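Residue numbers (the numbering used here), protein chains in the order written: chain V, -5 to 484; chain Z, -9 to 472.
Please note that the accuracy of each hint is not assured.
Said to hold, decoys possible - Calculated lysine to aspartate or glutamate pairs in the EDC-like style (CA-CA distance at most 16 angstroms, straight line):
1) Z:LYS253 x Z:GLU332
2) V:LYS442 x Z:ASP344
3) Z:LYS78 x Z:ASP418
4) V:LYS437 x Z:GLU376
5) Z:LYS367 x Z:ASP269
6) Z:LYS345 x Z:ASP325
7) Z:LYS289 x Z:GLU332
8) Z:LYS72 x Z:ASP418
9) Z:LYS330 x Z:ASP293
10) V:LYS437 x Z:ASP293
11) Z:LYS300 x Z:ASP325
12) Z:LYS78 x Z:ASP428
13) Z:LYS372 x Z:GLU348
14) Z:LYS248 x Z:GLU348
15) Z:LYS248 x Z:GLU376
16) Z:LYS455 x V:GLU266
17) Z:LYS448 x V:GLU266
18) Z:LYS184 x Z:ASP368
19) Z:LYS253 x Z:ASP217
20) Z:LYS73 x Z:ASP418
21) V:LYS442 x Z:GLU274
22) Z:LYS248 x Z:ASP321
23) V:LYS460 x Z:ASP418
24) V:LYS460 x Z:ASP275
25) V:LYS358 x V:GLU266
26) Z:LYS289 x Z:ASP275
27) V:LYS76 x V:GLU50
28) V:LYS442 x Z:GLU376
29) Z:LYS436 x V:ASP235
30) Z:LYS78 x V:GLU391
31) V:LYS368 x V:ASP382
32) Z:LYS451 x V:GLU48
33) V:LYS324 x V:ASP288
34) Z:LYS173 x Z:GLU331
35) V:LYS281 x V:GLU329
36) V:LYS307 x V:ASP322
37) Z:LYS451 x V:GLU46
38) V:LYS359 x V:ASP382
39) Z:LYS259 x Z:ASP269
Derived from the structure by calculation, the hints contain no laboratory data.
In this text, all values refer to a predicted model and were calculated from it rather than measured experimentally.
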Amino acid sequence: MSTGAMAGAGAEAGGELGETVRELREAYGGGRTRSLAWRQAQLRGLLRLLKEKEAEAFQALHKDLGKHHAEAYRDEVGVLIKSANGALQQLGKWMAPDRVWVPLIAWPATAQVVPEPVGVVLIFSCWNFPLGLSLEPLIGAIAAGNAVALKPSELSPCTARFLADNIGNYMDASAVKVVNGGPEVGEQLMEHRWDKVLFTGSPRIARSVMAAAARHLTPVALELGGKCPCIFDAAAASARDLQVSANRIIAGKWSPCAGQACIAIDYVLVEERFAPVLIKVLKSTLKRFFQDADHMARIVNQRHFERLSSLLKDRAVAPSILHGGSMDAKNLYIEPTILLNPPLDSAIMTEEIFGPLLPIITVKKIEDSIAFVKAMPKPLAIYAFTRDAALRRRVVEETSSGSVTFNDAVVQYAIDGLPFGGVGQSGFGQYHGRHSFEMFSHKKAVMKRGYLLELTLRYPPWDESKVTLMRYLYRFNYFAFVLAFLGLRR
Amino acid sequence: MEAVAVAAEARELLRASFASGRTRPAAWRAAQLRGLLRMAAEMEAEICAALRADLAKPHTESYVHEISLVTSSCKFALKNLKKWMQPKKVPAGVLTFPSTARVTPEPLGIVLVVSAWNYPFLLAVDPVIGAIAAGNAVVLKPSEIAPATSSLLADLLPRYVDSSCIKVVEGGIAETTALLEQKWDKIFYTGNSKVGRIVMSFAAKHLTPVVLELGGKCPVVVDSNVDLHVAAKRIAAGKWGCNSGQACISPDYVITTKSFAPKLLDSLKKVLDEFYGKDPLRSEDLSRIVNSNHFNRLKALMDEEMVSDKIVFGGQSDEQQLKIAPTLFLDAPLDSAIMKEEIFGPLLPIITVDKIHESFALINSMTKPLAAYLFSKDSKLKRQFERNVSAGGVIFNDTGIHLTNQNLPFGGVGESGMGAYHGTFSFDAFTHRKAVLDRSFLGEAKARYPPYTRGKLKILKGVLKGNPLAMVQAALGCTGWA
Chain V
-5 MSTGAMAGAG
5 AEAGGELGET
15 VRELREAYGG
25 GRTRSLAWRQ
35 AQLRGLLRLL
45 KEKEAEAFQA
55 LHKDLGKHHA
65 EAYRDEVGVL
75 IKSANGALQQ
85 LGKWMAPDRV
95 WVPLIAWPAT
105 AQVVPEPVGV
115 VLIFSCWNFP
125 LGLSLEPLIG
135 AIAAGNAVAL
145 KPSELSPCTA
155 RFLADNIGNY
165 MDASAVKVVN
175 GGPEVGEQLM
185 EHRWDKVLFT
195 GSPRIARSVM
205 AAAARHLTPV
215 ALELGGKCPC
225 IFDAAAASAR
235 DLQVSANRII
245 AGKWSPCAGQ
255 ACIAIDYVLV
265 EERFAPVLIK
275 VLKSTLKRFF
285 QDADHMARIV
295 NQRHFERLSS
305 LLKDRAVAPS
315 ILHGGSMDAK
325 NLYIEPTILL
335 NPPLDSAIMT
345 EEIFGPLLPI
355 ITVKKIEDSI
365 AFVKAMPKPL
375 AIYAFTRDAA
385 LRRRVVEETS
395 SGSVTFNDAV
405 VQYAIDGLPF
415 GGVGQSGFGQ
425 YHGRHSFEMF
435 SHKKAVMKRG
445 YLLELTLRYP
455 PWDESKVTLM
465 RYLYRFNYFA
475 FVLAFLGLRR
Chain Z
-9 MEAVAVAAEA
1 RELLRASFAS
11 GRTRPAAWRA
21 AQLRGLLRMA
31 AEMEAEICAA
41 LRADLAKPHT
51 ESYVHEISLV
61 TSSCKFALKN
71 LKKWMQPKKV
81 PAGVLTFPST
91 ARVTPEPLGI
101 VLVVSAWNYP
111 FLLAVDPVIG
121 AIAAGNAVVL
131 KPSEIAPATS
141 SLLADLLPRY
151 VDSSCIKVVE
161 GGIAETTALL
171 EQKWDKIFYT
181 GNSKVGRIVM
191 SFAAKHLTPV
201 VLELGGKCPV
211 VVDSNVDLHV
221 AAKRIAAGKW
231 GCNSGQACIS
241 PDYVITTKSF
251 APKLLDSLKK
261 VLDEFYGKDP
271 LRSEDLSRIV
281 NSNHFNRLKA
291 LMDEEMVSDK
301 IVFGGQSDEQ
311 QLKIAPTLFL
321 DAPLDSAIMK
331 EEIFGPLLPI
341 ITVDKIHESF
351 ALINSMTKPL
361 AAYLFSKDSK
371 LKRQFERNVS
381 AGGVIFNDTG
391 IHLTNQNLPF
401 GGVGESGMGA
411 YHGTFSFDAF
421 THRKAVLDRS
431 FLGEAKARYP
441 PYTRGKLKIL
451 KGVLKGNPLA
461 MVQAALGCTG
471 WA
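Generate coordinates for the entire structure from the input sequences, incorporating the hints supplied.
Structural data, given as structure tokens:
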């Protein structure tokens, strides 16, 4: 709850926010966001922003998270450029109505599904990929022709500032607005009615966002997280397979924001007998990849640092630390850490880790991983490294998750053709590529009829003969219908 | 507490059944759909009798608007089931070369369908068809305001479908609340927006996605450039021919020009006479109002002081029978209750404007409806209407028929709801589209990994921009120059 001084600022923000929402509604109501030209201009503006302000963007990400600019490019800037270009290319196709088949009894008639913008949308971003998780949804919202309010996370303040300072200069400032502030600003924003809200973050806050949205019947999409497991099947793995797998596991755990990613590998499942060889190759590869602490991001803030360090300091867990474990509180840096079989009821195995700690859990047979994974809430992603087609089939058919990726991790994020989103506890609603456009669109059914051919049997007064005729029609039994109509059949 | 126990038990039964994998095979799904088909065919007389008891629904409406739609929905699902269940390949693109990508549909799990009273058979069974086709286990909560149909469904479903996976739970507010408090993988609700909000707040506690099929004031704009007699018949059929106006897509009110209004009124009166005769309260073809609550609500709308003198046709009512005659109003004030609330009854206000284009602003000043109708032969007007009026669905020169087209999504926007169903959209509503990416161990792009160097970054930039040379370099595992 705010103190007196904060309450004052809050009240002002309330008035300002109301003004922001009003401006967005007016911009949308005026109609200009609907045109193809406007949408293209915004996307081009975004591309220019990413190009011209790349250095500033890298700086902001480095200040907020200690992200190396290569990581920032690989995971955020580069992906955004690809998405914006893709949207520009496909926009005409996405906007085109879809003709659908109409049954003969409705003739003459045409039917279409016409996509239209929902109106004014709100995007809540997250602190771990503060640029990507703000702008990827923005691309979709704009491509769909909406006016947008973007609320970056206050936990990545430099990027939030970067967005506030630049978006208005490269895009239509009265139809695309950045609203910065803490959780109270988020609450105030949710007091207004939006035509759609996308929230990326934790389940706890997601519940209150959805509850607030319910008051206005605002549809929501929730991108949450979960414990993304990595099933590692070493049987039939050559030495090269092993090395490639280790590279990709590290790329899926420590490389994206030091494990602070919703689709980062949370824990690994491996057969007992293969654990040693996996751990050996992980350790050696980690040494090679992260010679310089600079090449891994830091923990975002004190609170998360303490959360992670208490996961490790848990007396039942500490003995299972096999590698790493050192922590630098001043620089908010935690070394890549590997644990072997921490207790399954410890916090590190019941909560989403969201950090550079990798528990390795051993099973007797690799197939046992499936039951293990099924017993947990549905995660955003499931990973499995295996050459066994039968195991792959079982993973797809018997588990449920936002996505499944074989023999790699995290890369599914960059594929436009694949919908990105969760299921169950990991959320609902999907975006990326065309799905982003659809997330922020309403598919309007449009049917056009003519005046020719009046089927009077539709109308009262009713009698059994009309019903009989309708029975034939509804079964598309046109022949019988015509006969009956002509009185040649009862 | 009884209600809570029933709800928990139902959910537990379904959870175990779903976990056993019973509902996944196409054969099981098809068997349930065929069961529903048989039910609709064999029990037609009983279903019509229940609808007559609940709503005095004429036999023809029961057949055409409820039973035949359930039948065609089942058939459409049976025909398309295998296709729907197939994974769809998607281009993986070059970033992860070599790899294959697909989207594979899977059931959400256990779902709750809460139905409405006005089409108590259709609106209960149609969503269940979608849930089953998608491979889920379902709890159906029919509306207690249509008690005969509710108990018929409770009796029939176990006889025709697998009752370990498809359960009917009857009851009122307490039972519905108890169900809503449980955790479902999806909730599908048909009803009004007030309860829609309540359903969504319950869903928020468990982060459950919802489909809300709500209502709104569906406007009909009538231009002077029309085939008037046909237009009047189609408006009447969509209004009074649909459960006496108690349908979410019924024309709620009409907008036309001052100059055309007299002709339209005349035509409507003639049509109403053709349909229901001189004494409509005695016509067997007119449904009654569902209960005395709604009867009184509608009477209050009619009797409001600034409205009662705007009645230009009809106005008769019979409290005993719970019937209200088709009633037309001319220019009821826009701030009257009849123009602010969804009518859901046989009262039709006609609002006049000077120029037909003014109708757009009027419609847009209200919340987005489930359907918007325009009768006109003018293509420009039609184009403008389609572009400027947002609604779940838009129909030109007819009313209500879009819901019979299985290829069109049926659902609202804004206050009229979220999500859609019918045809493929029903299957989609209860499905999770799982993304599956299959990568090879080949194609190791060392450029992705730390330690990061300028050379690697250059290659990455090239790859993300689609530069073919960079992609080759990446695929070959080059790291560029440091």
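We went through each hint and held it up to the structure:
The hinted pair formed by LYS253 (chain Z) and GLU332 (chain Z) fails the criterion: a straight-line CA distance of about 26 angstroms is larger than 16 angstroms. Taking the CA atoms of LYS442 (chain V) and ASP344 (chain Z), the gap is about 25 angstroms. The hint is violated against a cut of 16 angstroms. With a C-alpha separation of about 13 angstroms, the suggested pair LYS78 (chain Z) and ASP418 (chain Z) falls inside the 16 angstroms cut-off, and the hint holds. For the suggested pair LYS437 (chain V) and GLU376 (chain Z), the alpha carbons sit about 12 angstroms apart, so the restraint of at most 16 angstroms is met.
Distance check on the hinted pair: LYS367 (chain Z) and ASP269 (chain Z) sit about 34 angstroms apart at the alpha-carbon level, beyond 16 angstroms; violated. Among the hinted pairs, LYS345 (chain Z) with ASP325 (chain Z) is inconsistent with the structure: their alpha-carbon atoms are about 21 angstroms apart, more than 16 angstroms. At roughly 14 angstroms between alpha-carbon atoms, LYS289 (chain Z) and GLU332 (chain Z) fall within 16 angstroms of each other, so this suggested pair holds. Restraint check for LYS72 (chain Z) and ASP418 (chain Z): the C-alpha separation of about 14 angstroms stays at or below 16 angstroms, so the hint holds.
At roughly 15 angstroms between alpha-carbon atoms, LYS330 (chain Z) and ASP293 (chain Z) fall within 16 angstroms of each other, so this suggested pair holds. Between LYS437 (chain V) and ASP293 (chain Z) the alpha-carbon distance is near 39 angstroms, which puts this suggested pair outside the 16 angstroms criterion. With a C-alpha separation of about 14 angstroms, the suggested pair LYS300 (chain Z) and ASP325 (chain Z) falls inside the 16 angstroms cut-off, and the hint holds. Between the alpha carbons of LYS78 (chain Z) and ASP428 (chain Z) the distance comes to roughly 14 angstroms, so the proposed pair stays at or under 16 angstroms and holds.
For the given pair, LYS372 (chain Z) sits about 14 angstroms from GLU348 (chain Z) by alpha-carbon distance, which is consistent with the 16 angstroms threshold. Distance hint between LYS248 (chain Z) and GLU348 (chain Z) is fulfilled; the C-alpha atoms sit about 12 angstroms from each other, no more than 16 angstroms. Annotation: proposed proximity of LYS248 (chain Z) to GLU376 (chain Z) is violated, straight-line Cα distance about 23 angstroms (limit 16 angstroms). Of the supplied pair hints, the one linking LYS455 (chain Z) and GLU266 (chain V) is violated, its CA atoms being roughly 42 angstroms apart against a limit of 16 angstroms.
Under the criterion of a C-alpha separation no larger than 16 angstroms, the hint pairing LYS448 (chain Z) with GLU266 (chain V) is inconsistent with the structure, at around 41 angstroms. Taking the CA atoms of LYS184 (chain Z) and ASP368 (chain Z), the gap is near 38 angstroms; set against the 16 angstroms cutoff, the hint is violated. With a C-alpha separation of about 12 angstroms, the suggested pair LYS253 (chain Z) and ASP217 (chain Z) falls inside the 16 angstroms cut-off, and the hint holds. The hinted pair formed by LYS73 (chain Z) and ASP418 (chain Z) meets the criterion: a straight-line CA distance of about 12 angstroms does not exceed 16 angstroms.
For a cut-off of 16 angstroms, the pair hint linking LYS442 (chain V) to GLU274 (chain Z) is broken: about 32 angstroms separates their Cα positions. In summary, the hint linking LYS248 (chain Z) to ASP321 (chain Z) is supported, as the alpha carbons are separated by about 10 angstroms, within the 16 angstroms threshold. Between LYS460 (chain V) and ASP418 (chain Z), the direct Cα distance comes to roughly 35 angstroms. Violation of the 16 angstroms bound is thereby established for this hinted pair. Taken as a hint, the LYS460 (chain V) and ASP275 (chain Z) pair is honoured in the structure, with Cα atoms around 13 angstroms apart against an allowance of 16 angstroms.
Restraint check for LYS358 (chain V) and GLU266 (chain V): satisfied, since their Cα atoms lie roughly 6 angstroms apart, inside the 16 angstroms limit. For the hint pairing LYS289 (chain Z) with ASP275 (chain Z), the CA-to-CA distance comes to about 21 angstroms; that exceeds 16 angstroms, so the pair is violated. Of the supplied pair hints, the one linking LYS76 (chain V) and GLU50 (chain V) is violated, its CA atoms being roughly 19 angstroms apart against a limit of 16 angstroms. For the proposed pair LYS442 (chain V) and GLU376 (chain Z), the alpha carbon gap of about 11 angstroms is at most 16 angstroms, so the pair holds.
Between LYS436 (chain Z) and ASP235 (chain V) the alpha-carbon distance is near 14 angstroms, which keeps this suggested pair within the 16 angstroms criterion. Using a Cα cut-off of 16 angstroms, the hinted pair LYS78 (chain Z) and GLU391 (chain V) holds, with the two alpha carbons roughly 15 angstroms apart. The straight-line distance between the Cα atoms of LYS368 (chain V) and ASP382 (chain V) is roughly 19 angstroms, outside the 16 angstroms bound, and the hint therefore fails. Distance restraint check for LYS451 (chain Z) and GLU48 (chain V): the Cα-Cα separation of roughly 12 angstroms lies within the 16 angstroms cut-off, and the hinted pair is therefore satisfied.
Taken as a hint, the LYS324 (chain V) and ASP288 (chain V) pair is honoured in the structure, with Cα atoms around 15 angstroms apart against an allowance of 16 angstroms. In summary, the hint linking LYS173 (chain Z) to GLU331 (chain Z) is not supported, as the alpha carbons are separated by about 33 angstroms, beyond the 16 angstroms threshold. Taken as a hint, the LYS281 (chain V) and GLU329 (chain V) pair is honoured in the structure, with Cα atoms around 11 angstroms apart against an allowance of 16 angstroms. Between LYS307 (chain V) and ASP322 (chain V) the alpha-carbon distance is near 14 angstroms, which keeps this suggested pair within the 16 angstroms criterion.
The straight-line distance between the Cα atoms of LYS451 (chain Z) and GLU46 (chain V) is roughly 15 angstroms, inside the 16 angstroms bound, and the hint therefore holds. A threshold of 16 angstroms between alpha carbons decides the hint, and for LYS359 (chain V) with ASP382 (chain V) the separation of about 13 angstroms falls inside it, so the pair holds. Restraint check for LYS259 (chain Z) and ASP269 (chain Z): satisfied, since their Cα atoms lie roughly 13 angstroms apart, inside the 16 angstroms limit.
In this structure, the earlier hints numbered 1, 2, 5, 6, 10, 15, 16, 17, 18, 21, 23, 26, 27, 31, 34 are contradicted, and the remaining ones agree with it.
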